[in-house]
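K.L.:
Once you have looked at the hints, place chain B on chain A.
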Amino acid sequence: MTTLAGTATLTRFGFRRERFALVLWALAGAFVYYSQAVGVDIAYPTQPELDAVAASMEGNAAMIAMAGPPRALDTIGGQVAFQASAFGMIVAGLMSMFVIGRHTRANEETGRDELIRSSVVGRHAPFAAAAIIATVANVLYGAVVALSLISYGLAAAGSIALGIGATCAGLVFAAVALLAAQITENTRTVYGITGAAIGAAYVLRAVGDVGSGALSWLSPLGWGQAMRPYDGEIWWPALLSLAVAVAVGLAALRVLDHRDVGAGVFPPRPGPARAPQGLLGEFGLAWRLQRGTLVGWSVGLFLGGVAFGTIGNDVGDLLGDVDIGELLGQESASMVDAFYAMAAAMLAMIGSAYTISSALRPRAEEAAGHLEPLLSTALTRIRWIAGHAVITLAGSALVLALAGLGMGLMYGIIADDMAQVPRMLGATLVYLPAAWVLGGLTRSCSASCRGSPPPPGSAWPSASSS
Amino acid sequence: MVDELQAPRLGKPQQGVAGPFYRRYMSAAIEISDLVKTFGRTRALDGLELQVRTGEVHGFLGPNGSGKSTTIRVLLGLLRADSGDVRLLGGDPWREAAGLHKRLAYVPGDVNLWPNLSGGEVIDLLGRLRGGLDERRRAELLERFDLDPTKKGRTYSKGNRQKVALVAALSSDVELLILDEPTSGLDPLMEAVFQECIAEVTGQGRTVLLSSHILAQVEALCDRLTIIRLGRSIETGSMADLRHLTRTSIACETRSPATGLTELAGVHDLVVEGTRARFQVDTGELDEAITHLTRFGIRTLTSQPPTLEELFLRHYGDELAAAGVDES
Numbered sequence: 001m002t003t004l005a006g007t008a009t010l011t012r013f014g015f016r017r018e019r020f021a022l023v024l025w026a027l028a029g030a031f032v033y034y035s036q037a038v039g040v041d042i043a044y045p046t047q048p049e050l051d052a053v054a055a056s057m058e059g060n061a062a063m064i065a066m067a068g069p070p071r072a073l074d075t076i077g078g079q080v081a082f083q084a085s086a087f088g089m090i091v092a093g094l095m096s097m098f099v100i101g102r103h104t105r106a107n108e109e110t111g112r113d114e115l116i117r118s119s120v121v122g123r124h125a126p127f128a129a130a131a132i133i134a135t136v137a138n139v140l141y142g143a144v145v146a147l148s149l150i151s152y153g154l155a156a157a158g159s160i161a162l163g164i165g166a167t168c169a170g171l172v173f174a175a176v177a178l179l180a181a182q183i184t185e186n187t188r189t190v191y192g193i194t195g196a197a198i199g200a201a202y203v204l205r206a207v208g209d210v211g212s213g214a215l216s217w218l219s220p221l222g223w224g225q226a227m228r229p230y231d232g233e234i235w236w237p238a239l240l241s242l243a244v245a246v247a248v249g250l251a252a253l254r255v256l257d258h259r260d261v262g263a264g265v266f267p268p269r270p271g272p273a274r275a276p277q278g279l280l281g282e283f284g285l286a287w288r289l290q291r292g293t294l295v296g297w298s299v300g301l302f303l304g305g306v307a308f309g310t311i312g313n314d315v316g317d318l319l320g321d322v323d324i325g326e327l328l329g330q331e332s333a334s335m336v337d338a339f340y341a342m343a344a345a346m347l348a349m350i351g352s353a354y355t356i357s358s359a360l361r362p363r364a365e366e367a368a369g370h371l372e373p374l375l376s377t378a379l380t381r382i383r384w385i386a387g388h389a390v391i392t393l394a395g396s397a398l399v400l401a402l403a404g405l406g407m408g409l410m411y412g413i414i415a416d417d418m419a420q421v422p423r424m425l426g427a428t429l430v431y432l433p434a435a436w437v438l439g440g441l442t443r444s445c446s447a448s449c450r451g452s453p454p455p456p457g458s459a460w461p462s463a464s465s466s
Numbered sequence: 001m002v003d004e005l006q007a008p009r010l011g012k013p014q015q016g017v018a019g020p021f022y023r024r025y026m027s028a029a030i031e032i033s034d035l036v037k038t039f040g041r042t043r044a045l046d047g048l049e050l051q052v053r054t055g056e057v058h059g060f061l062g063p064n065g066s067g068k069s070t071t072i073r074v075l076l077g078l079l080r081a082d083s084g085d086v087r088l089l090g091g092d093p094w095r096e097a098a099g100l101h102k103r104l105a106y107v108p109g110d111v112n113l114w115p116n117l118s119g120g121e122v123i124d125l126l127g128r129l130r131g132g133l134d135e136r137r138r139a140e141l142l143e144r145f146d147l148d149p150t151k152k153g154r155t156y157s158k159g160n161r162q163k164v165a166l167v168a169a170l171s172s173d174v175e176l177l178i179l180d181e182p183t184s185g186l187d188p189l190m191e192a193v194f195q196e197c198i199a200e201v202t203g204q205g206r207t208v209l210l211s212s213h214i215l216a217q218v219e220a221l222c223d224r225l226t227i228i229r230l231g232r233s234i235e236t237g238s239m240a241d242l243r244h245l246t247r248t249s250i251a252c253e254t255r256s257p258a259t260g261l262t263e264l265a266g267v268h269d270l271v272v273e274g275t276r277a278r279f280q281v282d283t284g285e286l287d288e289a290i291t292h293l294t295r296f297g298i299r300t301l302t303s304q305p306p307t308l309e310e311l312f313l314r315h316y317g318d319e320l321a322a323a324g325v326d327e328s
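Order-wise, the sequence lines are chains A and B.
For the first sequence, the numbering used here assigns the number 1 to the initial residue and increments by one for each residue that follows.
For the second sequence, the numbering used here assigns the number 1 to the initial residue and increments by one for each residue that follows.
Extracted from the complex, chain B is given alone in its bound form:
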C-alpha cells in the first residue's frame, strides 16, 4: 500500500545556496498519481504513484520489468500516459517536453552512442542541445571519472559509455537529474566517484530520481524511496520509516541457555543451540528482546541492522518462492 508521508522523519540536512531558490517555486519535483500505461495487452504501469520532493534524492526500486524505465520514459515525455496525472517540475511532461528538458538531465541504464562520434563530441552535443554545460565541471568530471573523450563511440566499453552519459548529465546546470540505473557497468572505484558526485549535487539543492538495483547505493544516497512492483507502488517513505518495517538479526551467546524467546512478540526464525541463539526480531520489538536476553547473561552479541535487501526480499519473497528460491 502506498504510504505517503507528510514529512520525512529522516532526511539529510539540506545545505547549499540553490536549494531554497528551487524550493520557492514548487514543493514537489515529480508528482505522479494513478498512472496507467499499456503496451498492447501488457499493462506496464497500473496505477503507479510517485512523489519526489524538491531537493531530495529519491530511490526508485523494483525488480526487472516492474515498470521503472517505463515510468521514467513517461516523465521524459517519450511515452504518452494512457491515464493518470503526471507533473514534472510543475509542468506537463508530454506537452512541455522540450521546455522542461532544459531543466533536467537524464542518464539511461543502457547508453547507445553513435559509433563514429567521440565521447567528447557526444558530451558537447547533448550539453548544447540541453542549453549549455558548465565547462569547468565538464573538465573536472572527465578527470574524476577517468574518461578519455577522444575515443569513438564503438570503442568504449559498457562502463565507459555509461561514464559519457554521466559526465554529460552531471556537467549541465539543471534542477533535476533522472538516473535510470546509472552505474550499471561501472567499477567500484567509479561507483564511489558517482556517489560523491550525487552528494555534491544534492548539496546544491538539486533533486535526483535514482532508479537502481544496487541497494547499498540507494541506502547510501537516498533520503526517501519508492518501491514498485508490477507497475504499482507498494511502499514509499524515508529510509528510517521503512527500516521500521523490517527485522533486525540477532546472534548471541549467553551464560545460561536462553529460554522463553519464542513467547516474545516479534521474534522469528529462532535457532537455539545450547548457549547460542540466533533469531530475527521486528525492529519495533528490539528493546523487549534484548531486555529478555540480559536475564541469561549476555556474553557476546552481534546485531545486524535491517538492510534494504531484506526489505526488498520481503516484498518480493512470494515471487522468489514461486520461482523456487528459498527466502531465508
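Chain A extracted, bound-state conformation:
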C-alpha cells in the first residue's frame, strides 16, 4: 500500500480546497431539478392541464431531442425527469471535470505536485485522492438532488433514481477526466476532452431518443434516463455506468503507471527556432493561443449540427395530431421547421459557451503572468485585448456558422433539398449578436473583478473590450 501513502491527508486537503465549491455545485444541481418541480406545479396546477401538455410534449421531437425520452409526462415526477435529468447530469459532469482537473493535471502543470510528491506521498496517492474527492462530490450531488425532490413530495423511488442517475453520470465523466489528465500535459486540454465527451454524450442521446433509441445506449446521459425515474424504476443501468466508470478509471491508472510525472503520453516535440510571420503581433499571438480551442469547438458544433440534421425525417414519424407550431408560438411554421428552430437555438446556446470561454482567455493569460512581458514592449493594453476580442467575435461567428452548415448539409442531403443549407445557416447565425453580448458581458465582468489584493504582477486596472 505504499503507493497510496498520504492519500488520506491529500483527500482532506482537497476537501479543504473545495469546501465551498462542492456545496455550490450540489445546490446548483438541486436547483436544476427542484425548480422544474416547482415550475410544473405552477404552470399546470390541475391534472387536465398536465395531461394536455403531456400529450403535446410526447410528440414534440425538438423537446425530446433537447431533454430525453418522454415518460410519465402526465405526472410532476415524470416532467421533472424529462426536463431536468439531462441538464442535471451535465452539471454533475462539469463538476467532476473541474474537480479532477484541479486536483490532478493542474497541480502537475504548476509544479505544486512536485512539492507534494517530494514528501511522504505514494505514487498513486494524488490520483486516488482526486478520485475519492470526485466520488464523494458526486454522491453528495445525487443525495442533495434526491433529498430535495423527496422533500418536495415526489415519490422516493423516482427521486432516488434521479439522484443515482446524476451521481453515476458524474462518475463516468470524472473517470473520463482522470484519463484525459493522464494523456495530455495541460489542464485546458483535459477540460477540452472531457467537455467534448459530455457534448458527444448529449448529442448521442438526442439523436437516439428521437430515432430508434439505440444510440442513447451509447451515452452515459442515456443510461441515467434509462433508469426510468417515476415510471417503474429499473436499477441495473446504474451498474452499467459504474462499470464503465471503473473501467475508464483503471485505464487512467494504467497510463499513470507508464508516464513520468509532469509529462503526458506523447513526448514534447521541438518547435520552430524562428517565429513564423503569422505569429508576430497581437492578433497572431491571440490566434496562436486560441486556435486549438476554436478548432475543437468548430468540429464539435459541426458534428452536432450534422447529428441534428439526420433527425429531420424522424420528426414527422414522431408527430401525432399535435400542433407544435402553435405550442411554440410560430403558427405558420411547419413541424420540421419548428424542430430545427429549436435545434438551432440549442446549438447556439452550446456555441455561446465557446464565446464565453474565449472571452475568459485574456484573464487566464494575465493570471499566468504572460501579460507582463508583452506590456513591457510597445504593445498597448487596448491592442492586446483587441487581439483576443477579434478572435472571440470572429470565432463565435465561425462556430455558429459551422453548426448551421452541418445541420443544413445533412438535412439537405436527407431531404434532397440543398436550399436548406442557407436557411439553417441563417437559423444559427441569427443568434450571433446574442453570443457576442454574452462574450462582452463575460469580458467586462472578468476585467472588473480583480479579486483579492493583487500580488505585484497581476494588478492591472481593468481593461475592457467590445
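Hints in this document: simulated from the structure, not taken from any laboratory.
Source: prediction; values computed, not measured.
Every residue, glycine too, gets a C-beta built ideally from N, C-alpha and C.
Don't take each hint at face value.
As the list claims (entries may be wrong) - Calculated from the model, a selection of chain A residues having no Cβ within reach of chain B, i.e. all distances over 12 angstroms:
hint	residue
1	Gly6
2	Val120
3	Val121
4	Ser151
5	Asp231
6	Glu282
7	Ser376
8	Trp384
What the hints assert, rightly or not - Simulated coverage check for chain B against chain A, where a stretch passes if three residues somewhere in it have a Cβ under 8 angstroms from a Cβ of chain A:
hint	segment
9	51-65
10	90-102
P.N.:
Using the frame of chain A, we list chain B on its own:
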C-alpha cells in the same frame, strides 16, 4: 537618508559611440521622487527616490518585499503610482507607456513562457512587439547563452526560461535595460556571460537599471547604486562613496602584542590573542590604525576591503537581529 550626489566619484569611463548621442537628450534616464504606491492597506512604496543617470549601470538593492519589483512595474506603466513624480526617458511611464517601451527592454526575475510556444518564437514575438531586433545579435546571444530556441516553453528549466527573456532583451536595440533579478537560476558560467553582455551594453552608452540580490554582481557591474528598504530609499551613491561608509577588516600578527587599539577612533570588534589581533576599522580611519600597528612590528597583515555585503548587513542588521540572526 537619501544622499543624492552631484557627480560620481568613481564611475566607469564611458566609451562607445552611442553614449553622447543619448546623453544629448537627457541627463537622467529615470527620475523618481517621493513615489507612493499602496495595495489596499499595504504601503509598498513609501516616498521612494531613485535617480538613474543616462549611460550608467545602476544597482537597485533591497531585501525581499522591499518594493523593488513594484518600483519597476510603476516604471513600466503596469502599475499606476498613487502619488509622486516618475519620469522615464523623459516621459510619463503611465501615459506614454507604449511609446517609451520602444526604447527599453525588460527582463523579469520570474519568466513565465507560453507552454506551447518555442523559445525562439517568444524571442521573435517580443522583439517584433518592441519594434524589431538585431538579427546578428540574436544569433550571437543564443550561441553565447547556449540556448536551444526550438524547445517549447513548458520544457525549459528556470534558468533557460530566464535566458529566453535575456536574449530577447539584449538583442533589441534600446537605450535602457530594466533588469529585475535577471540572472536568478543561471549557472555561474552563464552569470559570467551575462556580466560580459552588460559590460558591452554599457560600452555602447546604454543605461541599465539592475535589481539584484547577487552582491558580487552589483559590485562588478554597477557605477552607482540605491538601497531601499520598506519602500524607501536609504542609501544612494557610487560604490566608492558607499565603501567609505563601511569598515575594513584587519587581521595581523605583530612582533610584540599590540596595545592601545581600543583607544583608536573607528576601531570595532577588537580581538587580541597574544601577538595576533583582529578588528574592523572605519575605512576613513584606516591610515591611523595601520600607523599605530607599525609600532609593534607587523609580521603579517591581511586586510579585507569592505564588501557590499557588509554594507547591506549594516542596513538590515536590525532586521536580522530582530529575526534572531547574529549580525557578526
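K.L.:
Of all the hints given earlier, name the ones this structure violates by number, lowest first.
P.N.:
6, 7, 8 and 9
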